[in-house]
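Build the complex from these two chains, which are given one at a time in their own frames, with help from the hints.
Residue numbers (the working numbering), protein chains in the order written: chain L, 128 to 501; chain D, 1160 to 1576.
Please note: incorrect hints may appear among the correct ones.
[Claimed, not checked] So, partial list: chain L residues that the calculated Cβ filter (under 7 Å) puts toward chain D: (1) S151; (2) D152; (3) E188; (4) G192; (5) Q225; (6) D227; (7) T230; (8) G232; (9) L260; (10) H264; (11) W313; (12) I314; (13) G315; (14) D317; (15) A447.
[Said to hold, decoys possible] Quick list of in silico lysine-lysine cross-link-like pairs, DSBU-like style, CA-CA up to 30 Å: (16) K1217(D) - K149(L); (17) K1246(D) - K149(L); (18) K1375(D) - K149(L); (19) K1465(D) - K1442(D).
Read the hints as simulated data drawn from the structure, not as lab findings. Ideal Cβ placement from N, Cα and C applies to all residues, glycine included.
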Amino acid sequence: MRWRQLLVCFWLVLCGPVLAHKASDSYLVIDVQGAQVSGQWDIALRDIDFALGLDTDGNGEITWGELRARHDAVAAWAFNALTLERGGACPLQVTQHQVDEHTDGTYAVLKFIATCPTSTGDVALDYRLLFDLDGLHRGLLRLDIDGLTHSSVIAPDSRRQTFSGERVSRWTQLQQFMEQGVWHIWIGFDHILFLLSLLLPVVLVRVNGGWRGVDRMGESVREVLWVVTSFTVAHSITLSLAALGFISLPSWLVESAIALSVVVAAFNNIVPMFNRLRWLVAFGFGLIHGFGFASVLAELGLPQDALVLSLVGFNLGVEAGQLAIVVALLPVIYWLRNTAFYRRGVLVGGSLLIMLLASVWLAERLFDLKLITT
Amino acid sequence: MANTKIGVEEMYCNPQPLLWRNLLPQCGGFCVLMGLLLALNVQAAPRTPASDTEVLEKLPTRAGDNTARELSSLRAALVQAPTDEAKATELATRYFDLAMARGDPRYIGYADAVVQRFPATRSAPLLTLRGMLRQYRHDFAGALGDFDAALKQNPSHADAYAWRGAIFLVKADYAAAQQACDGLQRLERDVLAGGCLGLTQAYGGQLDAGYQTLQKTLDQAGFPDNQLWLLTRLGEVAAWRGQPAQAEAHYRAALALGRDDVYLLAAWADFLLDAGQPAEVVKWLQPWESADGLLLRLAEAETALKLPDAARHRQMLADRFAAARARGDTTHRAEEARFELRLRQDAKTAVRLAAENYAVQREPRDARILLEAAIAAQDNASAQPARDWLRSSGFEDARTRRLGQASGDSAKTGSTR
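In isolation and in its complexed conformation, chain D is listed as follows (with noise of 0.2 Å):
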């Protein structure tokens, strides 16, 4: 847990509101007090309802629904046995299951309490669940040290490798990423292990060798979920090697198994932005305001047509960003970097957020999104890491080169290259 917790001077700078972000040039004494001021205050006006049919609050399950029951079940069973660990990992398991459905993180904090009851846990599958609930909160080292004592327990237990691959292919350690495959290999996982060496391949400059993977392994994949991921994974490598045609035809095929998948609708709508397609964008994010990542990809389209609900969206995008500060939130700075930069043409902003975004996080969305932001802000220095990653990797999508390129011709000074 302590690497939520953070300075309240870090937390409280830069509010939002622009007025104040003009008079303040420096984060002070005051920046921290109108931080607080509106991180408590700017809603300050409690109410009494006239009435009491008044509905305050929609809650995500009814009482009487499967999901309700089957968590209420699982919970009565912990309190049956509060010291057995499977029955802990059966409870934990459906949370972070519910937080990914749903995207909705105090389902992952309902988790994490169930977890740390079982500080000293052997078990390996309740150490691999709480590295999943460690990476949740970008605490790689820890959750890389969770998913290694589970495999220390049991050397078979696939889903600690997996999650070993995906740690390593954010941080851009394809080496790593590539041991990890292999153990899954070793397991004979071959669905986990096909997806795991595709992107591998594809984030270290082999795009054809992983669209190759990825694609065998579509025609070995038997249910839909698995299908779907790699569909969209398959539609972003198809987009890289410049086969837009091909990434729009995963795209749709993935969006054709009719499940609700955030990350594919944000793929998607990325790819129609890059396409020049915002009102697709719009038609197909609609109904998704309340996921952030997609309010965002919405308010992006819904601004470049310049349509009414854009404004309103945007102030959305602010108020939640601000919020997620206010608790010492850093896990969305990729985002926030793309919003300050695309919605409200704060380059610099954007560059900072990118950059220590960069420093946690370094998969090709995270590198492009500083090499833009230094672009835009004519801070070629920030953006090294990025040409860095494109130098080492030999990530070969066209535009993330062009964006290295010119990253580094925008000003001359700073760099050696």
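So that you can see chain L by itself, here it is in the shape it has in the complex (with noise of 0.2 Å):
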């Protein structure tokens, strides 16, 4: 019996497994884009010594000279351990070797190319890489079909794998980006409530240090023009420069300031500052409410062939939702302005309890405390 075995088999255990180096994984990352195809596969030289034999010279070193005296070799065994298929199969033909160092040491890496028999449909990949030699071998994947992306592991249970290529038309996609754009002004309650804040005192002037309701419907609808369109203006500008990774400001800071906006817009109702400028709130913190939008489209994620797209998509959905707010809101305020209940319980009531939530949120953000929120 071997006791010395066993008790080292037993630490293992009660410890488990040892880290030091890494079991073996390939890095393949294929990008279809119709039935041409190009990809990148790098294997670890490890692997491929293990596999072939690259340590010509039995030295225990592997040299750039043993490699490339074997490309042909190498490249043989790895394409004879992947399949790749849209229509039938595109064989794959390597275009360049190189090195690259990963976590574990130095990978070879290959480049290649393909041609598929058709430019749409499925794709479906075939990986055998190493699994007969290594049952703990991974092949982590990355594809991209027609702009989509798609990522795997690859195991020795999973080797075939079928990708959807059916294609998202632009129409579909615009759509669903105005759904979100919709979606997030719906559930984002510190633009609302800034929105909110500026187009409460809409209906009414401010005469002799006191409110007074406007006479025609005309005068707030003008009114909200303004403050609409400089927020929507602003907050396009911004968010585009962000999306498009022009500016990128730290989130904590565009949180906070986001709720420095509602404090300061909902004071202003109570105690009136810019009054008729209103607008040129609306404009200014709505640069910074741009860069807040910028962070939800970008963990979305923004398909790269469809940058332009997606962003107008969005920024639509976002003016829609404002809209039908706006459009919700302004009746209703403007039948109530004359009341006493509108001037004090909405604007000045509802004002302070928005400017109290929004400095928690303040508070919040700023230090990184939870207090209101979950």
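This is the structure:
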């Protein structure tokens, strides 16, 4: 009996697997555009050596020369273990051999291209590399099909995988982002409260230090147009700049400034400071809100091939959501404009509440607390 | 193999760089994309070496050395007789041993591929080996099934008993562990039985009895490897008993045997860190940065001493954990929890990882990291399983018991006790 081994094994369980080194992975990145395929495959030199034997002079070291001499054999071995199909097999052709470093050592990098029989439809992948030699080997795959990214870990029991190649139409994509825009303005309470704070006084005019209801709906509509348009223009500018990667601000700063904007806008209803210049407030803080929208858009994942389209869609959605709020709100507050309930209860009381809530947000976001937000 | 496959979403959640963690409170599609970019593109700067003589990789074995020769003759033997289970067992066992000695999981993969050629095997040694490989991936249920099957084929196959005992200890099922130890005793495998029993006692609330059992077993153990293992465990048990001088003597005796042993060094480093001697840890672990578990302890010591290497080693660890996560490997969560707690001060992530780990592995050290993380995160509900274990096992280490109490006190909500 091998006592030694057994006790060594005993500690293995007791301390879990030792972490040194790393089990074998290959990194496979494939981009399928219609019938055209390009890709890169990183395979560890240690794995290639185990399968093919690279250390020709037997000194325990693999040199570039030793690898270079076996490039053809490496490519033949690797591509024999990988099948890509779109309407039939897409024969893979190596275009360049290089090397790269990963956490556990040097990898051979095989760049390749292929042409598939068809330019539409599902893409199937059959991956068999090293599975016969190493039961823990995994293929880490990133597959782009016509701009849509798929990712997968390929194991011996999932060596054949099919990925949907269904093209999402531009129109559908635009619609999806519009929906997200509408949805975000509706669930984004900070944006709504900001807008609300700016809109509450549009049915009133300031006369001799007091409020008076406007005479005609038209006056309010004009004021709304100014405010909403300024807000829209401003946040469209920063949303675009941030989404396209020209500017980026730390999220705590953006979120805190958004909370501050709500505080200021609400405070202005209690102690009027800007009066007819509300559009300027809307514009100034709109710039900040744009960064907030951009982070949402970033979380959704921007399709690189339809950057502008998705940006436009999302922005249109935000405007539509805003418009819906205005359309629902304006008639009601116009109708209520001459009541004390509106001037004291809604305008002052409501603004106080909004201010209070936004102050708590501000404190939370500035100091990373959890006061009311769950 | 099925247990190693997990969802991509889970894999790529929470990629390393702090930037993205601040920006993204939740894991959405964007996070998946970023995770992939990190996993696949972070070092995406392929290059063409300038010279044929540039050394790209150093192999673990030279073509001519003993290990390489032995492996190639074992492989050749298997090629000659591809259905010979004994030859397959021999080769796979050799790979497994190498994985243990060098801490290199690739050898586990090689062993696995050999064993998988015999899915319907009835050979007790091969079944046992399959169980060992399964436990390596934390597939404890599958592993226990294999050991049972092995014992059915050969009731006196001691290895299978020993492994059953080890797994039950990890699962904190001390009654079942005791049965496995009894099995070893019946087979008159005194050293194995003593090691098994001593640990079962120590984990299960009888530190003194456990210590004596291990000490008695040490007196019977002839081989240095057995002595090393027993001395290491004696060091741990002595520390739990509150006898640091004795613990240090055991560790030093183990180290004096002069054999590389990753587990011994890890336990010794933990002892030194607890004793407030990080400089000593740096001295011992400096040459071991390739072993992640030891690199973790080295980075802890260097961070405590504010040494310049600390930042580099922390980054190395972050990269390695990210690489493990990218392949869906969840077997390092206990170490990763410690990394998050002690080196990144991210108690929330630490407590999540420690709790996930504790659902699988329940040894004293797993309980300790869970309790420490829960205290730091003021999340006493997550530490409930560890407190339950402390109560049911009666584990006597004063430090762990203090942690258990502190974690119960840190917040009054969420606990029934």
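Exercise. Broken hints, numbered, in rising order?
Worked result: Numbers 11, 12, 13, 14, 15 and 18 - these are the hints that the structure violates, sorted from lowest upward.
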